[in-house]
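Participant: Chain by chain, the residues run as shown.
Protein chains: 2
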Amino acid sequence: MITLKDLNQNVLRAQYAVRGPIVERAQKLEAEGRKIIYCNIGNPQALKQKPLTYLRQLLALVEYPALMDDPRTMAHFPADVVQRARDILKRHPHGTGAYTQSCGIPFVRKAVADSIAARDGIPANWERVILTDGASGGVKLAVVSLLKGPSDGIMIPTPQYPLYSAEIALRGGTRIDYDLDEENEWQLSESALTDSITRARREGTNPVAIVVINPGNPTGAVLSYDNIRMVVGFAKRHGLTVLADEVYQENVYSAGRRFFSFAKVMHDLGEKDVTLISYHSVSKGFLGECGHRGGYMEFRNIPDDVMAEMAKLQSIALCSNVPGQLATYVMVAPPQPGDASYASYVAERDGVIAQLKTKAELLDKGINAIEGMSLAMPQGAMYGFVRFELPPESDVDVAAMTAEQRRDREAQRNSDYCLALLEETGICVVPGSGFGQRPGTFHFRTTFLPPMDEIAALVANLKTFHESYTGRQPSARAPLTAGAA
Amino acid sequence: MITLKDLNQNVLRAQYAVRGPIVERAQKLEAEGRKIIYCNIGNPQALKQKPLTYLRQLLALVEYPALMDDPRTMAHFPADVVQRARDILKRHPHGTGAYTQSCGIPFVRKAVADSIAARDGIPANWERVILTDGASGGVKLAVVSLLKGPSDGIMIPTPQYPLYSAEIALRGGTRIDYDLDEENEWQLSESALTDSITRARREGTNPVAIVVINPGNPTGAVLSYDNIRMVVGFAKRHGLTVLADEVYQENVYSAGRRFFSFAKVMHDLGEKDVTLISYHSVSKGFLGECGHRGGYMEFRNIPDDVMAEMAKLQSIALCSNVPGQLATYVMVAPPQPGDASYASYVAERDGVIAQLKTKAELLDKGINAIEGMSLAMPQGAMYGFVRFELPPESDVDVAAMTAEQRRDREAQRNSDYCLALLEETGICVVPGSGFGQRPGTFHFRTTFLPPMDEIAALVANLKTFHESYTGRQPSARAPLTAGAA
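Residue numbers (the numbering used here), protein chains in the order written: chain X, -14 to 470; chain Y, -14 to 470.
The set of hints was computed from the structure by calculation and includes no laboratory data.
These figures come from a predicted structure and were not determined experimentally.
Hints may contain errors.
In this list, chains with the same sequence are indistinguishable; a pair is considered to hold if it fits within one copy or across any two.
Using 25 Å as the maximum straight-line C-alpha spacing, the simulated DMTMM-like pairs for lysine to aspartate or glutamate come out as follows [to be verified]:
1) K297 with D393
2) K75 with E9
3) K221 with E409
4) K342 with E356
5) K221 with E356
6) K342 with E452
7) K33 with D382
8) K297 with D401
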């Protein structure tokens, strides 16, 4: 029988904190009847965000086209949705039931390219687009392609989304951590990038790519135009491929902040040499269609023969799922003014974004009012990366520890805190150590996706718990459901 | 800018003939207006197989539950489908829009385990089931887990489905080919297995697993109970994990042949030591829902800690797509006698299987009537692995070639033949060299999925082409559309 030592040891090394032991414990508690608030994962519809009607109507019609042959059912659907479904089935008669071409349905890939061109005012080539199962599918494809061996390294931010560290570990490459600047709203800093790559080279690592997440996960930062330009210059000087995770591009809340794509900045710079792979997904934005696993990756500055290898890799699993491809189609080609569904689509879309903005502000205000906790207001995405203080440990001689022992000790304390938070309040968050954090700091990532009243309760319960946990206030741990709002 | 030499060289090595250069050429010809018969891939709904009404009705309702609030639309749907949709949404309120647990929706996993228990009369544990994006997703997971380094090898049949060779190459492991016995209806032979593993060990390879595809792809063979028992004994003696690809388990046509699962045979033997991973998918059988990318993998004789690593790996991409999970649910828990949809479901199911059986027989009869072509009647699956003769090359000194040169030369001739077949008739098949074949033999894999009248035309055109190509008949290459039936 197979044992752990028979496994690829890179599998053991790969860690994915967003679904780690704390979440397992939460599921166990929930099975026992506890109310759990899942703030560990950006899963909007699990937290009562409603799907967009237009998309779901369209999917229902394409899944089951006989609805369009029955006048009783047809009376239910707006004319533009029916027209769209008919159009899809005319151009793609196999509907949802057949494998598509490996890189996806051509007209969906064309619509993706058109939407990039319209968003950024730049040319875009549909043959450089691959439709993927969520953005994750595309990230896996890029990481496995770029790592030639164990000494090849990919630069990833601290803190980062652990898909990247997990995939790098799984493929046996080296992660090269670079610090985001917490004091400067989590922007990238050129000196931190330089420090990081210099150290990596000294240690014998060959840097091949840099991951940038914008808007940031877990940080909620929205990168400035200048910051992106700096990164492009850095990548060019060091011959790095840029992996731009832009899945939160629709989730920008702060006045004065705006999303700029790497594609646009590179085009503005006339940059023809830096290879760019950027990602988008139907899981985030205002769709929040995580369960449909739709997304795309777009390539720039990539030779035809390399692109052919990417398409070949995608072909090995045949194609991404077709409902996910169609959700991507709606994301990039939504109803237009004049369409019967346009007004309700816009109202639903704007409602989701407005709610998220309000909840980001609520979280920001609430957290920053807690003594010993702080948060840079999330400018975008769906998360707050909350910093909190823990009193020094009186019974541990920290000074006598190695850096690694200190890091492990801090990770343990960070994790213990989050586990106690779960046990006592039912709030499920992810320890900062799962994303990476600077030594001596403690964080957790929480989404601000729960319904409005639960956000208020969340903040109130966090306050009570934190005061209690840090010993300043010994008892009074109210369950989350007791109306703390 | 990135170049081919910057890529992981295992990416370049991975080949996937089912979507290789011949298919690309076919797509180009199609774009130019040629009629192409895609026999290269088991993609039933692309070849006009109708989806099962029950499944599509259910998916429409779960995608867009508002249909159930409107009496006009409700009049359209059978009561049991509505009840099933309501039940799904009650047990899984997030519907299709949220990530599920990493291994899939628990009640779907339970239904999978129940269906295995019912099929085989054996116990099955739902916590040993992972829902995957098609079977491919599960195969990738197993291959990356089992290969510890370049000298680890996985035994795969010759001929095989190239997903296996591609994944082994991509993960940097070694493929260990074993011959299927073409003269014995493509069953496995113990002596061929022993030859293969002995040779591998002598060459320094460490065999860790064996892949068995039953019913066979591309061979169409259905393995006997005894043959499976022999493989289990072989795996036990050599400490191999068994990867049992059983995605065609519903596709058995030959009287006197019956599908036996590895799980059942191992249970009958009281085997507690051989680790088994078996696969099923919604893409094949009578569903043919390739585009939904649904499937599962079931593990037996696996310790909890290893299972936890498999679940962790699955969590890195979050979960498989939810419509695919629901399609899997319908596959394993179809309508029951007494349900409103039962009769029509059974009629559709049996109609698909009966059609496939008739088409397998048509192909068998037609091919074996062509001089220089032969086919073991497909007992199952969706393919014929057709053997054909080519005249010896008068201008090439085969005797002077190395074995490798001969293999390459034969692969080239095999491929040239299939390309010419495509160019002259529009029939798109995959060269036998893409699956593996014994030296000195030529094959192609064709599906028998096209509609009945096209199968007849296919056979007629194959005959004309083959005669012409091999020089016995110099001209008269009729296009496929000219009614050869």
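Participant: Next step is simple, just say for each hint if it's right about the structure.
Facilitator: Here is what the structure says about each hint:
no., hint, verdict
1, K297 with D393, "between (41 Å within a copy, 21 Å between copies)"
2, K75 with E9, "between (45 Å within a copy, 22 Å between copies)"
3, K221 with E409, "neither (49 Å within a copy, 49 Å between copies)"
4, K342 with E356, "within (24 Å within a copy, 73 Å between copies)"
5, K221 with E356, "neither (44 Å within a copy, 62 Å between copies)"
6, K342 with E452, "neither (27 Å within a copy, 71 Å between copies)"
7, K33 with D382, "neither (46 Å within a copy, 72 Å between copies)"
8, K297 with D401, "between (45 Å within a copy, 21 Å between copies)"
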